Each structure stands twice: as C-alpha cells, then as structure tokens.
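Asks: What follows is each chain in one-letter form.
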Amino acid sequence: MEAVLLQVLNGLDKGGAYALIALGLTLVFGTLGVVNFAHGALFMLGAFVAVSVQKILTISSKVRDESVTFFEAYKETPYLEIWWGDTGRAIIDYSVPISLLIAIPIMLLIGLLMERGLIKYFYKREHADQILVTFGLAIVIQEIIKANFGANPIPQAAPEIVAGSADIGSLFGFEGIVYPWWRMMYLLFSLSIIGGVFAFLHFTTFGMVVRAGMHDRETVGLLGINIQRRFTIVFGIAAVVAGLAGVMYTPILPPDYHMGMDFLVLSFVVVVVGGMGSLGGAVAAGFLLGILQSFSSMTEVKAVIPGIDQIIIYLIAVVILLFRPRGLLGKD
Amino acid sequence: MSTAQSNIVLDITGVNKSFGGLQALSDINLQIEEGKTHAIIGPNGAGKSTLLNTCIGLLKADSGTINFGGNDLTHGFQPHDINQMGISRVFQTPQIFPDLTILQNVMIPAFAKRDGAFKLNLFKSLRDEKEIEAEALHLLEDLAMADQRFNNAGSLSRGNKRRLELAMCLIQHPKLLLLDEPTAGMARHDTNQTIDLLIKIKESGMTKVIIEHDMHVVFSLADKISVLAQGAIIAEGEPDEIKGHPKVREAYLGSAEV
Amino acid sequence: MKSIVLSTKKRDYTTLLVFAVIVFTAPLWGKIIGAGYPDLLQKFAIFGLFAIGYNILFGLTGYLSFGHAAFLGVGSYVTVWSFKLLTMNAIPAVLLAIVFSGVFALLIGFLSLRRSGIYFSILTLAFAQMSYNLAYSVLTPITNGETGLRVLTSDPRVVDTALGYTIEGSPLATLFGTTLTGYPGFYFCAVVLVLGFWLSLKIFRSPFGMKLVAIKTNQTRMEYTGFNHRPYLLCAFVISGMYAGLAGGLLAVVDPLAGAERMQWTASGEVVLMTILGGVGTLFGPIIGAATIKYFENIFSGIGDTALAEIFSFLPDAVSNLLITIISPFVGSGWHLTLGILFMLIIIFLPGGMSQGFQKIADKIKQKNKKSSTSEVKLEKDGIA
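Protein chains in written order, with this note's numbering: chain A, 20 to 351; chain B, 77 to 334; chain C, 863 to 1247.
Since the hints were derived computationally from the structure, they do not count as laboratory data. Some hints here could point you the wrong way.
Straight-line Cα separation of at most 30 Å, DSSO-like style, residue types lysine-lysine; simulated pairs [to be verified]:
hint: 1; chain 1: B; residue 1: K300; chain 2: B; residue 2: K189
hint: 2; chain 1: B; residue 1: K195; chain 2: C; residue 2: K1226
hint: 3; chain 1: C; residue 1: K1222; chain 2: A; residue 2: K143
hint: 4; chain 1: C; residue 1: K1226; chain 2: C; residue 2: K871
hint: 5; chain 1: C; residue 1: K871; chain 2: B; residue 2: K189
hint: 6; chain 1: C; residue 1: K872; chain 2: C; residue 2: K1222
hint: 7; chain 1: B; residue 1: K195; chain 2: C; residue 2: K1222
hint: 8; chain 1: C; residue 1: K1222; chain 2: B; residue 2: K206
hint: 9; chain 1: B; residue 1: K189; chain 2: B; residue 2: K136
Nothing here was measured: the structure is a model prediction, and the numbers come from that model.
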C-alpha cells in the first residue's frame, strides 16, 4: 500500500510537466490550428532562463580564502554575497523562484515573437509544412542553446528550505512515504497553473471568445470579433505555461539542450491519448501517463517485464489507438 | 418499359433514423426501379442528405431494411464497399483529383471497377493499360474534353469539374448512380449544360437517384418524384402528379426556404 | 505537381541509363567538386537510397513520417548480426535487413496508419523514439546499448566456418572474396542505388503509384471510387521502410557496426529534409537532396576555427576576426544549426525544393523558345502516363 502511494506521488510531478506541455500544445492546436513541434523547445528555454538567472546571480569575484592560512588560496565568491552578505546568499538560494518571475515576460515575448514572426505565415499552409517548419525551429533553438551552454546537463538547486523531503506518510498513518518538498511544490504549481488556465478560459469574456473560436472559428469571425489577435495572445500564454513548467522542473531534472524534444515527444503521445483538441483530456492523460510511468519503473514491475518503464507510454498509446482512436476524452 | 415488369434496384422499407432525440427519418419506404431516374425533393432540412447517406449504409439506420442487390445496407459499410457493390456517387461540391490529369481522373475509377478495392500492381506500367485508356478517352470525347486530357483537373471550371466527376462515375457502369444536388452553386449556363448531360445519361438507361431542390432540374429529368418533408415521404408519383399535389404545395409554400 | 509525369518507355530507359552513368562515374566527377573519396560517395549512394524510399511514402501519399530512422537502425543491426552469425558476405546481410525492416514497418505502419495527418506524424515519431529507447537500454543483449554493435573476429559465422573461410585482422564485409570498403564498397552501394532507383521509377509509372497520388490529392473521392486506401498506404509505408532498412544495411556493410543513435529522431528529420530539399514527389529530387546535404555536411562540419582563420588569412586581421566570429557558430559542430536554418528557409520559401526552383527557371527559358519546343510536346503526348 505504501509503495503504491509512493509511486502515485512520484508520477504526479512528471505527470504535471506532461500535462502542462500537453495543455499548451492543445491550446495552440485548438485555436491556431497549428501543430507546434517547437513547443518542447519553449519548455527547454524556460529551463535555461533559470540557468541564466542562476549564472547571473552567481557572477563571482576571486577573493582571498581566509580559512587557508599556510599558503595564499583564492575562492570564488559571488558579488551578491560580497555586497549584501546573508541577504545576497538568500537571493542566490532563491534563484529558481526568482527565475519564475523573470521567465514570465521573457517567455511571453518569445511566444509573441514566434507567433508573429513565423507561425502566422503558416495558418493557411498544410499541416505537414507547419510540422516541418516548427521542427526546423526546434532544431535551431536547440543548437543555439547547445552552442551557448554546452551539451552537459546543468544542475539547479531548489531553495534550501524546500530542498529536503517530507515524511508525509506519517500525517496519514503510513510509514516510509518520504516525498521531496520540491516535487510536492511542482505538483501544486502545475495544478494551480492548470486551474488558472481553465478559470481564465471559463470565467473571462476573453476566454469565452477563445473557446467559442476553438469550437467554430468562422462563426466567431463573422460576429466581428478579431479572433486572430486573441489567438496570438493564447500562443503567448501557452509559451509562458511551457516556460514556467521548464523553470520549475530544473531542480528535479538538470536541464540540457535536448530535454525539450524528449518531453515534446512524450507530450504528443499524451495529447493523442487524451484526445487532440480536448484540454481536459490532455491534463488527465498527462497525469495518468506520469503515474503509469512511475509504476512501471518500480523494481518489482521491472523484474516481471524488463524495460517496461521505457515503453509503457507508447504501449498505452497503441492500446488507446486500437480501441479508441479518438483518445480518452476526444470528440470525433 | 412498363412499371410492372421492371426490377427494383434499391428497396427501402420502414427505415427510421434519429439523432439524439430528433427524428431525422420516419418510416421511409422507397423503391427505386431499374433504368429510372428517381428524384427526391423537399425543402431544406427535410432530411434529404440523411436519407441519401442512410440508404447507402453510411449512416446506420435505427430500424428497417435496405436491400441492394441482395445486400442489406442497414449494416454500416465503408464508402469503398458501397462503391464496389455498384453504387457511384456525385457530390454537391465536385470531388475530383485536382493534381492529376483529366485522363488519369477518369482512368482511376476504371481500375477500381476492374481490380477491386485493393490490388498491388507495382510492376505494371500505366502505359500498358490500353483498354482502360481507350475507354476513358472515349468517354472524354463524348464530353468534348478529350483535347484537354493532359491538363490538370484542378484547372477546370466548376461546371467542367462536375462533368468530369460524372464521367468518373459513368466509367464504372454503376448499378445505381447517386446525384447529390448536381447543380448546387452553379451558374445558369453550367446548370443547363449539366442537365443536357444528365438527359444523355438517362437515355442510356442508367438507374439514378437525384436529390435536388431546383424544380427546373427535377422536372426536366425525373421519371418519378418523392417529396420529403420533416423526415417523412409525403407524396410520390410522376412529375405531373407531383406538380398539382396539394400536400407538396403546402410543404413548399409553408416553408420559407423555396 | 505532376508527380506522375507524361513519359514514354524510351524516355524512361534513357533516364535510367543516364542515372546509372552519373552514379557509376561519380568517382570521376566527384574529384572535380572535391568529393572524390569513397567514404563520401558511399554516403551519397546510401542516403540517396534512403531518400528515394522515403519519397515513395511522403512524396506520393503525402503522409509525413518522422520515424523512418527506426527502420534504418533495424537494417543496420540485422546486417551486423548476419555478419556475426552467418557470413561476412554482404548479399544475405542486406536481404535480411530488407526482410526484417519490412516486417517492422508492417507492424508500425499498421498501428500508425490508423490515424492520418498530424496524428500519423506524431505516432511515427513516438514509435521511432520508443525503438531508440529500446535499442539504447532494454535490448542491450541484441544492440549492445550505448557502445554499439560490432563484428568480432571470434563471432561464430556458421556459414563461413562451414565453408572453411577464416578471417584475418578485423572483419570486413565481402562480396565473394572482394572486400567491400573503399571503392568496391561504393560500387556495391551504387549498384543497389541504381536498382532502387529503377524500382522507384517503376512505381511512379504504375497504376499503384498513380493511386497513391490520388489518395494524396483526394482521399474522400478515392474511397467513394471504390478503393480501400488503407492497404495502399500500408504498402507504401512498408516499401519505404524496406528501402530505409536496405540503406541501414549498406551503412553496416561499408562499416560493420551499428549504434542506437542511427535511430534518433534527428536522423528521421534529416531524411525528411533531404527529400524536401531536392523536391518532394519527384524522381530525382530526393537523391539530389541527399547528395547536397551530405556534401555540405562534409565540408561544413570539417571546418574548425583554425581552418576558418586560414581561409580568411588574406584579409586584414580585424575583418578576418569579425568574419570568423560570425561564421564559426555555423560550421564545425555548429553544422546542425545550419541544417536547421536551411530546413526552415526551404519550407518557408521553396516548399517544392530544388526541383521547383529548377522548374521555375526552366519554364522561363521554355517560354522564350516556345516555337522550337513543339516537337517535344508531340513526343510527350504519344504516351499517356
């Protein structure tokens, strides 16, 4: 029982990341009708915003290491620490949460630039062309990151206060359910973002127009509403969601240049399983597949079917396609 | 040819169809006789397209039987199965292969007729398909399109696309030809040309079901007319009978659509 | 786009002959453009073959697969296993590669073709990624994981042993005694390429090929015309998968090893780019695209900063340094960046690829000499397809 609960918990944070990326993919596909193969690159860019912020915060100066007395030793000390002491150290400690704030305008800008600069010329082109041009863009972004940050993963630390793990099992009378605080934060974060996006779509006029547009673009266009500008903003929102998901994920998985594509492929599978065009389906399938993947990586399961953790998501996709081609919650 | 002797090609008895709570078709009985042109008319929203799609098995009927050449079409069928049984169809908007040449457009349906739904003939050259080419060319000559046969079909006018689509159906010698508003969205000139062509086909004795709300087209072509209103057939008979039928007048005058 | 061009039998044979001559004289003209060494020429032939096969699926049916690298990988693994277990002879190895990749393509195609359009692309991408994951980790006993699969002197090779052949030094693929490295390796690939081209020409001219284009043009009409489009698509998928497997097999023939990275999505993306760059749905386009990319890859990825400095050494230092700063991200290990940018530019500005570009130029010239070309038109009309 404890082991099962633990795996559910372990799957939830990964599921949260899948759900956030899949949510953006679905939003963009539903509104702009574009399949964005560069969406994973946005997730990766978010992660590298965090890397950059950390790099900037820890710009260091060489100072004499006083603790070494018998020869002249130097150590790197960040300027922030030199200037502000403990406050500076705290700022560096909180580099990931700070990155979140900084990532919002940056990702919004990147999203809008991408839509206005490239995607909008592809509304009328075939899906194949859309896929290919965004695929090319994904390669370009990825290579730029690789050229500037190198090919190796760059670890990021969560703030010290949430760096440890919580014995949350003891709260409910179970033993041995220890769950890292940051993963719990990630879960709460993804749930609140998802909730925010849904609330935005359901309770604001803007959101209602967007949903109507997803349903029937022509009719909404006939009403004299400039649906196009709203869709551009939706693209920006999707970029921000993907970027924030990337920032938050850095303490869990050290970011490297190809993390975007890795997550994109899985998120596409999530979208197909959930049902293309269904926001609820994308979210549900994201969590579901995250949990299933977590279960399949248990040693007990792997002992029965070796390597199942590598392919479980694809197997689920195959089963869904064979028996329910339109996905879990998709409409025809 | 008298009615008593002729065979029934498509026999629809007691067909019902509803979407959600909406009764789209109620107790449809319809017999299509061999060699006749049978028109189904009715105001917009009367269920004409539903009837067409149901009677060829694309939409599954809730109850009733549809007999076509010994097959019960109430079991759902794929479009290609229906075609292979001998039903060809012309759409409201002409469906052709715009990127292929006009000649190729007409040849492809002939392959379906000869080879069935699937045949892997990798090593055969199109150049060796002389018979099919000759037949297609003959048809195109009838339509006065033979000179343009190497042009891409996409470059044709709408009226000519319709005539090409008809040629694509005719080369299959279907047992039943379905025409879904063949003159919809056409200019008068194109409409008249299409009617001429359809009269020509009629003389060849092909069985046809035509759905149309242009009365001019219907009365120039039909041997028999069924009037559909609110999912039910309210009148049936020869064109002259239908013209004076009180129920038909009521259905049409009562509707703002005509 | 006239995917199935009007052509006579005579013209087809001439095309094939000209193609064969160009391919077999590659070592000669390759020297002129600085590609006159066998390693690169082998790549031209092998990736040309890969792209020809890919074009039968994407060019004729319009179904965009992102998973063809998986078949390339399967072909390589099967070939290396054939070298390990049976014989170093290349013929059975590539035949087995074709068979296995065909079966694998049948399986993946059957599943992926349950959906069309973007879903199809996503599914093929997912299956390829799954294959890559499997090859990289789980299937290590078969693929030797990260290290890659190699042929060892100590491998059993039952057929060779039974026939009394022994191997001295490192094992290399042979064709009845001839070692298939260097130019013999190239000529082996060249023969296979010409055969593959011939088959592709046959398919383009067959009713089957025409039906594939018809499916691309109007799938609805195809269904209502009485064709079941799914088996046609599956056949095209399997055929192109077999081409990919054959190409993978040849890669292992000229250099007997196989690694998982061959199956990665970047490799799938590369074949898409080759096909598009040359011209989707055209006979020659994919080969031209493949050769172009491999040619520039060879040049660009070989240039480091020192090489750049040498090239610009005749310029003043300031100018030369500026140029090096601008260019160096795009060459050497930055080749993939150039590839990505090229990818985008082609799709944005020239979706028909180089063939479309040539066609545009040719049309302009044709309009100028309209009078002189009447005899040619007559020739075209003699044959219908």
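Asks: If a hint holds in the structure, say so; if it does not, say that too.
Replies: Verification of the hints:
1. In summary, the hint linking K300 (chain B) to K189 (chain B) is supported, as the alpha carbons are separated by about 29 Å, within the 30 Å threshold.
2. Under the criterion of a C-alpha separation no larger than 30 Å, the hint pairing K195 (chain B) with K1226 (chain C) is inconsistent with the structure, at around 41 Å.
3. For the suggested pair K1222 (chain C) and K143 (chain A), the alpha carbons sit about 23 Å apart, so the restraint of at most 30 Å is met.
4. In summary, the hint linking K1226 (chain C) to K871 (chain C) is supported, as the alpha carbons are separated by about 27 Å, within the 30 Å threshold.
5. Annotation: proposed proximity of K871 (chain C) to K189 (chain B) holds, straight-line Cα distance about 26 Å (limit 30 Å).
6. A threshold of 30 Å between alpha carbons decides the hint, and for K872 (chain C) with K1222 (chain C) the separation of about 26 Å falls inside it, so the pair holds.
7. Restraint check: the Cα-Cα separation between K195 (chain B) and K1222 (chain C) comes to about 36 Å, which exceeds 30 Å; the hinted pair is violated.
8. For a cut-off of 30 Å, the pair hint linking K1222 (chain C) to K206 (chain B) is broken: about 33 Å separates their Cα positions.
9. A C-alpha spacing of about 25 Å is found between K189 (chain B) and K136 (chain B), which places the hinted pair at or below 30 Å, so the restraint holds.
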